[in-house]
Amino acid sequence: MDWIAIFQNTLRGFFGEQAIYFALAAIGLNVHFGYTGLLNFGQALFMAAGAYGLAITVVTFGGSFWLGVFMGIVVFPIVMALILGVPTLRLRADYLAIVTIAAAEIFRLFVRSPRWDWLTGSSDGLGQYADRFYEFSPFNPRVRYGIGPLNFLGNQFWVVIVGWVVVAIAVFLVYLLMRSPWGRVLRAIREDEDAARSLGKNAYWFKMQALILGGVIGAAGGMMRAIGTQSAQPDNFITDVTFLAWVALILGGAARVFGPVIGSMILWGVLSFTDTFLREMVAEEIIPNSLMEGPQVGQVRFMLIGIALLLLAAFRPQGMFGNRDEMALDDR
Amino acid sequence: MTANSDTKPTNDTSGAEAARAQLAEVAWEPGVKKPDTVLSVDGMVRRFGGLTAVDVEHLEVQRGVITALIGPNGAGKTTFFNLVTNFDTPDEGVKKFNDHDLTRTPAHRVANLGMVRTFQLTKALSKMTVIDNMKLGAVGQAGETMWRALVPPMWRAQELEVEARADELLKRFKLDHMREEFAGTLSGGQRKLLEMARALMVQPELIMLDEPMAGVNPALKQSLLDHVVSLRDDGMTVLFVEHDMDMVQEISDWVVVMAEGRIIAEGPPASIGENEAVVSAYLGTHHDAPLNWEEE
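For the record, the sequence lines run as chains A and B. So for the first sequence, my numbering puts the first residue at 9; every next one is plus one. So for the second sequence, my numbering puts the first residue at 21; every next one is plus one.
The hints are simulated quantities; they were obtained by calculation from the structure and are not laboratory data. For clarity, every value in this text was computed on a predicted model and none was experimentally measured. Think of the CB as a built atom: it goes at the ideal place given N, C-alpha and C, for glycine as much as any other residue. Any given hint could turn out to be false.
Derived list of chain A stretches under chain B, where covered just means 3 residues or more per stretch with a C-beta under 8 Å from a C-beta of chain B [claimed, not checked]:
(1) 58 to 65
(2) 205 to 217
Derived DMTMM-like pairs: lysine to aspartate or glutamate, alpha-carbon spacing no greater than 20 Å straight-line [claimed, not checked]:
(3) B:Lys191 <-> B:Asp246
(4) B:Lys116 <-> B:Glu179
(5) B:Lys147 <-> A:Glu25
(6) B:Lys147 <-> A:Asp333
(7) B:Lys147 <-> B:Asp121
(8) B:Lys147 <-> A:Asp10
(9) B:Lys116 <-> B:Glu225
(10) B:Lys241 <-> B:Glu225
(11) B:Lys241 <-> B:Asp196
(12) B:Lys147 <-> A:Asp139
(13) B:Lys191 <-> B:Glu181
(14) B:Lys53 <-> B:Asp152
Here are the in silico distance ranges between beta carbons for each label pair [as the list claims (entries may be wrong)]:
(15) B:Phe68 <-> A:Pro95: 33 to 39 Å
(16) B:Ala297 <-> A:Leu184: 56 to 62 Å
(17) A:Pro325 <-> B:Ser34: 53 to 59 Å
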């Protein structure tokens with residue numbers, strides 16, 4: 009067994025690009041669900057908005073990288089949030105859930121459609137739009153950087169550094185907002201919208217702002233992913249992506265500033281660990297081939313995550329950071 | 021402008037006395053004009069399918085007094101509350117708060133105008149602390165604008181002022197020892213108190229209480245009654261829905277009786293028991309027992 013490789017991969021899972029992308033997506037969901045009570049089952053839509061906002065601007069329309077960043081982080085997610093929010097936010101929470109999951113799939117199928125190949129590159133997607141990003145990299149693409157076993161090639165290291173800075177900014181933003189009177193109104197809306205309205209708060213407008221803010225943060229996650237892989241593809245934004253972001257949020261604990269970040273790190277740390285660990289076990293035939301073969305590892309690790317979630321729900325429903333007493337108030 | 025605008029609100033009951041004196045002149049009939057109206061309703065109709073839940077031709081609420089709205093279950097009292105505060109939209113009708121037409125005013129703006137309501141099923145915000153519940157109630161907070169929220173110096177001073185006011189009210193309602201607890205840990209009666217105190221954070225002119233006594237134990241009831249009376253003595257107008265006839269007799273200055281969506285009687289509390297329409301429609305033989313009509 010190559011314990012060093014297992015350890016190294018696990019560390020990379022904790023701190024690597026996937027953890028960053030999903031941390032951002034989950035921070036956005038935390039604004040939606042954790043603080044405001046909005047059930048968004050289409051976070052992949054906002055991530056796709058970030059990715060395609062950048063890619064379409066640069067590749068299809070030949071705009072600059074910075075214009076692309078602006079489109080992907082500001083314009084696209086705000087437009088999406090308005091499209092989703094205007095018809096649904098006056099209704100009960102479940103309507104938003106239905107509309108978001110549908111909208112995310114509609115958008116994915118739209119960008120995938122050959123009819124719009126000139127615009128979105130259909131199923132091949134768009135690529136090579138982030139060269140400008142890597143031009144700023146102070147790191148040599150051929151050299152590995154990092155601390156001890158945790159190291160990345162230059163360009164990847166650049167993505168990781170910038171990514172964690174973006175995560176830190178998002179966390180700080182959420183921290184500032186949620187301890188302000190504005191955040192207090194969001195929490196009040198989560199608890200009881202009518203009570204908030206009876207006290208003079210425009211619940212609809214606050215929910216819209218929360219939907220936009222969480223969408224913008226999710227779009228930042230999608231854009232970091234699109235930059236990291238230099239390719240925006242429709243199948244990067246299937247519904248599983250939304251649900252993994254939810255897993256990260258629930259693992260870490262909703263309505264906690266660091267909950268989604270830690271949740272995402274644990275999710276990808278555990279996924280990387282089980283992946284490498286199981287592969288080693290299969291390769292060394294500690295797990296016999298009759299039971300499991302190499303290619304099945306990818307699925308089995310998600311089964312393990314599923315079991316971990318069940319255990320979490322049973323023994324620590326509030327997530328890593330949640331407050332159990334607070335959870336228990338629901339039962340009263 | 022108002023009957024009590026020239027009086028100090030605290031512990032000076034002369035404004036309320038004057039308002040009550042004015043009421044003595046008013047005839048005991050449904051839809052009667054009041055000398056100093058804070059809220060008036062005209063031709064308000066709300067239908068649910070074939071059922072006309074509310075059909076109020078005319079009602080005025082006198083400023084500075086406690087008005088009780090009573091009636092059997094299903095009389096349309098809560099629906100009427102919802103219609104007046106725009107939590108529900110009437111099929112027809114006009115309502116005015118201080119000459120301000122509320123027809124197109126969204127519910128949240130009604131509160132900002134100075135008319136606040138509570139709910140029959142208490143809406144304590146369980147996963148927020150008692151003090152946060154209170155602070156939420158203050159209107160016109162600069163820190164409730166998203167971009168200002170990011171710059172604490174823009175709202176810190178106001179927040180401290182709001183907090184001081186909240187603490188004062190918590191002390192008055194004897195909830196100060198629960199300040200940092202989650203509102204969800206409060207007892208039913210304490211939640212009623214919190215909801216009333218929170219509504220006062222709005223600094224309303226008119227406070228509408230939907231069954232403030234429902235589910236409150238007798239010991240706490242007296243203190244709630246005292247609080248309601250003190251609101252009036254502070255210069256506020258109180259309109260409340262209640263089933264508890266003892267409470268209505270004890271504290272209200274004026275009683276409005278609804279049955280089957282209509283106003284069937286109005287008058288001082290003593291007059292209501294003798295009113296034939298009320299007796300036949302509502303009181304029946306149980307004069308002072310809490311009434312148990314069929315469920316809504």
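task: Would you list, in rising numerical order, the hints stated earlier that this structure does not obey?
output: 1, 4, 5, 7, 8, 10, 12, 14 and 15
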